[in-house]
Amino acid sequence: MFARQCCSVALLLSLPAVGRAESTFAPVVRDVQPRMVKIYGAGGGRGLEAYQSGFVISAEGHILTVWSYVLDTEFVTVVLDDGRRFQAELIGADPRVEIAVLKIDAEQLSHFALDDAIDLAPGSRVLAFSNLFNVAVGDEAASVLHGSVSARTRLAARRGAFESAYDGPAYVLDAMTNNPGAGGGALTDRRGRLAAVVGKELRNKLDNTWLNYAIPISEVQLSVEQIIDGELRPQPDDPDLRRPAEPMTLALLGIVLIPDVLAKTPPYVDDVVAASPAAESGLQPDDMILFVNDRLAGSASDLKNALSYIDRIDEVRLLVQRGQQLVEVSLFAPDE
Amino acid sequence: MNDFIRCLLAALLLVGSCDLFHASGEDDLIELEERALQAAVAKVAPSVVRIETFGGLERVGNFVVGDGPTTGLVVSEDGYVISSAFNFVQKPDSILVTVGSGRRAAAEIVARDQSRMLVLLKVNTDEKLVPPVVSPRGELVVGQWTLAVGKTLDPQVPNTSTGILSAVNRIWGKAVQTDAKVSPSNYGGPLIDIQGRVIGVLVPMSPQATSEFAGAEWYDSGIGFAVPLDQINAHLDQMKAGNDLHRGLLGISLPKGSIYSEPPKIAACKIRSPADVAGMKAGDTIVAVAGKEVRTVAQLKHALGPLYGGDEVGITVTRGDERIETKVTLAEKLLAYEHPFLGVLPQRNANGIVVRYVYPDSGGGAAGLQQGDRIVRFAGQEYQDPSALRAEIARREVGGNVGVTVMRGDKSLDLQVVLGTLPNEIEAELPPAHDELPLEGVRNVEVGVTEIKIPEEPNTCVAVVPVDYNPRIEYGLVVYLTAPGTFQREAFADRWREAGEENDLIVIAPQPKDAERWTRTEVDFIKKAVDQGVATYNIDPTRVVVYGHQAGGAMAYLTAFEHRDRFTGVVAVDAGLPLRMQLPDNDPISRLAIYTTLVKSSPIAERVEAGIEAFREMKYPVTVTELGSPRELNAGELAELVRWVDALDRL
Chain A
1 MFARQCCSVA
11 LLLSLPAVGR
21 AESTFAPVVR
31 DVQPRMVKIY
41 GAGGGRGLEA
51 YQSGFVISAE
61 GHILTVWSYV
71 LDTEFVTVVL
81 DDGRRFQAEL
91 IGADPRVEIA
101 VLKIDAEQLS
111 HFALDDAIDL
121 APGSRVLAFS
131 NLFNVAVGDE
141 AASVLHGSVS
151 ARTRLAARRG
161 AFESAYDGPA
171 YVLDAMTNNP
181 GAGGGALTDR
191 RGRLAAVVGK
201 ELRNKLDNTW
211 LNYAIPISEV
221 QLSVEQIIDG
231 ELRPQPDDPD
241 LRRPAEPMTL
251 ALLGIVLIPD
261 VLAKTPPYVD
271 DVVAASPAAE
281 SGLQPDDMIL
291 FVNDRLAGSA
301 SDLKNALSYI
311 DRIDEVRLLV
321 QRGQQLVEVS
331 LFAPDE
Chain B
1001 MNDFIRCLLA
1011 ALLLVGSCDL
1021 FHASGEDDLI
1031 ELEERALQAA
1041 VAKVAPSVVR
1051 IETFGGLERV
1061 GNFVVGDGPT
1071 TGLVVSEDGY
1081 VISSAFNFVQ
1091 KPDSILVTVG
1101 SGRRAAAEIV
1111 ARDQSRMLVL
1121 LKVNTDEKLV
1131 PPVVSPRGEL
1141 VVGQWTLAVG
1151 KTLDPQVPNT
1161 STGILSAVNR
1171 IWGKAVQTDA
1181 KVSPSNYGGP
1191 LIDIQGRVIG
1201 VLVPMSPQAT
1211 SEFAGAEWYD
1221 SGIGFAVPLD
1231 QINAHLDQMK
1241 AGNDLHRGLL
1251 GISLPKGSIY
1261 SEPPKIAACK
1271 IRSPADVAGM
1281 KAGDTIVAVA
1291 GKEVRTVAQL
1301 KHALGPLYGG
1311 DEVGITVTRG
1321 DERIETKVTL
1331 AEKLLAYEHP
1341 FLGVLPQRNA
1351 NGIVVRYVYP
1361 DSGGGAAGLQ
1371 QGDRIVRFAG
1381 QEYQDPSALR
1391 AEIARREVGG
1401 NVGVTVMRGD
1411 KSLDLQVVLG
1421 TLPNEIEAEL
1431 PPAHDELPLE
1441 GVRNVEVGVT
1451 EIKIPEEPNT
1461 CVAVVPVDYN
1471 PRIEYGLVVY
1481 LTAPGTFQRE
1491 AFADRWREAG
1501 EENDLIVIAP
1511 QPKDAERWTR
1521 TEVDFIKKAV
1531 DQGVATYNID
1541 PTRVVVYGHQ
1551 AGGAMAYLTA
1561 FEHRDRFTGV
1571 VAVDAGLPLR
1581 MQLPDNDPIS
1591 RLAIYTTLVK
1601 SSPIAERVEA
1611 GIEAFREMKY
1621 PVTVTELGSP
1631 RELNAGELAE
1641 LVRWVDALDR
1651 L
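Sequence lines, in order, name chains A and B. Here this note's numbering is used: the first residue of the first sequence is 1, the next is one more, and so on. Here this note's numbering is used: the first residue of the second sequence is 1001, the next is one more, and so on.
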């Protein structure tokens, strides 16, 4: 008898969950939405949308989003919840955890404090805020999806299982969160407390299904702090900083990049000179160089600039992306 | 409100949570609910196992097999685990199951359920496994919480998706439906209620198709299915003993028409089928299955759907005013039905059943039947009409011995005929099918090369009707489906004009909307064009043939099998069976003869030959014309084909 009563309660609950949304989730949603932003950049065309999502993490305009090709341009535009548009600066990124931090010139913004982020248990109710499919434009609020945490697991239980460079813990979600443009959205608990960054579109190679996942804030917080503290950034072009008399160059290492024709050509390796340090280190054509001695190489010119601050006798550590794998190599220029 | 909280608390207590807390306000209600759902998953977790497979195919058809872990559900302490057949399509070389202690143990497939697409594994372990608690089917309420549970994403903690129960009697009574996300991430895992009790095992399923993949295209779509665990448990001992389970078959033909309105009146019982053995007869109407009333063919399918071969079921039929209770043991497989053949062609427009032609090698020929004989009695019954006799012959058995009485002149002869099988060869010559019949009254239909117009259809349809069309004559109908991009109206008319006039044939050519291709859905238009032709002209229903060339041939098969009641012949020139087509059983009432060309050197030869073999295995009559190269039929072959059509009213 009890069992039957509970069944009917479940039935009733499933309806009020919708009907009473106004009294439970509405204030939470209203509270979170001002912190969400829409991001526009490079891309366009099928499967390469030129937009993604992000959220404000400081009153002074730091924005957390996912690291993606959308940011491969000088002109990244951020649109706040109230419709204000800003030209954003990519201040740094950490491809290892798939995040990037942008900065806009604004003040007193509603924001999430990463220190207050929470962890979620499987089965927890969640809200996912993002601009999936670029449904919202201008001052329209981001879309909200409701669901729960299906599992907390590592994305790379087996090598190559997921087409993602990130292999750390992630929340797999019981909600259709990971759609075009949703990457960089915010995952909160039902009280609106920040828990994770919505990931990019990702296919689960283990069973050929699309995977909905988000990366816990605890996994990205250190990177974000390093970026804001000045690390994991492109080498600043600082007139006060002295360049070495004999700097490192790509030619010394035997690296040929693809022709630098865009304002921000991604630093893809076009060719590796035979018997060069690059060849010995195992660098390959089509590798994309992400970091030079912990300096972000956002573009070919960033990379050359970063090298110009390294003395030719010093070690060069490169973090490269090869397919969906991250590879770290160490090189020295040959003796003269 | 208090009731909500009380019941959720009760649910929590039932799942064994001692975590009591203050509940005040709506927020806490959601939290209570969240905890109840989490506790439900925790309760079933020990019964949910992770399965890993090694080796096997990388691809099955167009489907790329995932190589990740899959899920199973413990069904008994002694090492038995049930899972979805989808998880084993690649035919793995080895299977490992992670048992409760976290150790991997080897497992093997013990038996398969071919009706519900499940597999039973036996895990080689001494460890006692933990079977789950069953959620009784009678307590299910559409709208209640359900959770789909898998163990694929993490080795320790199950992955879950929350939803509600959407329906309880899906896929012919074999499954319940949920809107929780069901996918390869949890196929084989349980669908549970909020108390952590198992409702069923998650599987891909489709009401139309029956392969391991059927329904997998609906993954994560809000439509997911689970096979009720009580149904699985009911046959577990059989499976443990290593017996595969198959859908239970009765062996009857049902009336044509909508399955949702036609009453299940038996059109024919297959020889030695379970229905035949139980004493059912053509003309009986099934009114109840297992004590439950059925009124339509669809309800009958629902009642029989969950049953397996070997299951015994009480079926009630009515015969006239009599109500008969029968006990039927359903079969896994029916003997393929083969049409018995007396060996004659009937004269058309004759008074009674007059023999037009006797097949020399047939039973009738051997017994001494002659052209001009009038058949008056067959197996002790009088007959005046070829169609009634044809139906009676269909109820007999090949090899059966029947007494046939004929009038030869004014002499009555009693003959004993051994019924044979329908011939595949085409006779070299046939006598005229009817006497000269003068036209009476006026012709009020279009003749010559004309059009059949179907309102609201963009497709067109050309018709070639004999200019001497006579409504007193029954015409054969050939529906010609062109190879896309090759149709020429003039050539088509020239090709068929004479053959039609000499052999009482009307030929229509429905055209694809896009001249370059046929699309599957155009079967409907083709059917409408045929209906229109039948409504306009005097068509003999035993000689309606769909003839397709190349891609038109695939359409011909689709059309013929989708509308068995309409077509008695299908002709495929330079065409194989459509891929993944399931051939329906040969049917006593809806006769279908196959004519196909075969070019040994053609790239589709293998497919054509496989089709021929499949048809022969299912006892369809198949006529094969071998050609040296892939081409349309020439004039001589066409004349032969026309004779083949002319003889489809054979008895």
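Calculated from the structure, these hints are not laboratory results. Computed from a predicted structure; not experimentally measured. Don't take each hint at face value.
Not everything, but these chain B residues come out facing chain A in the computed CB check (under 7 angstroms) [stated by the list, open to error]:
#1 Asn1159
#2 Thr1162
#3 Asn1470
#4 Ile1473
If you want the footprint, here are the derived chain A segments under chain B, 3+ residues with CB under 8 angstroms [unchecked claim]:
#5 119-133
#6 208-215
For each residue, glycine too, the CB sits at the ideal point set by N, CA and C.
Checked hints:
no.	hint	result
1	Asn1159	holds (4 angstroms)
2	Thr1162	holds (6 angstroms)
3	Asn1470	violated (61 angstroms)
4	Ile1473	violated (60 angstroms)
5	119-133	holds (count 5)
6	208-215	holds (count 3)
Of the numbered hints stated above, those contradicted by the structure are hints 3, 4, listed in ascending order.
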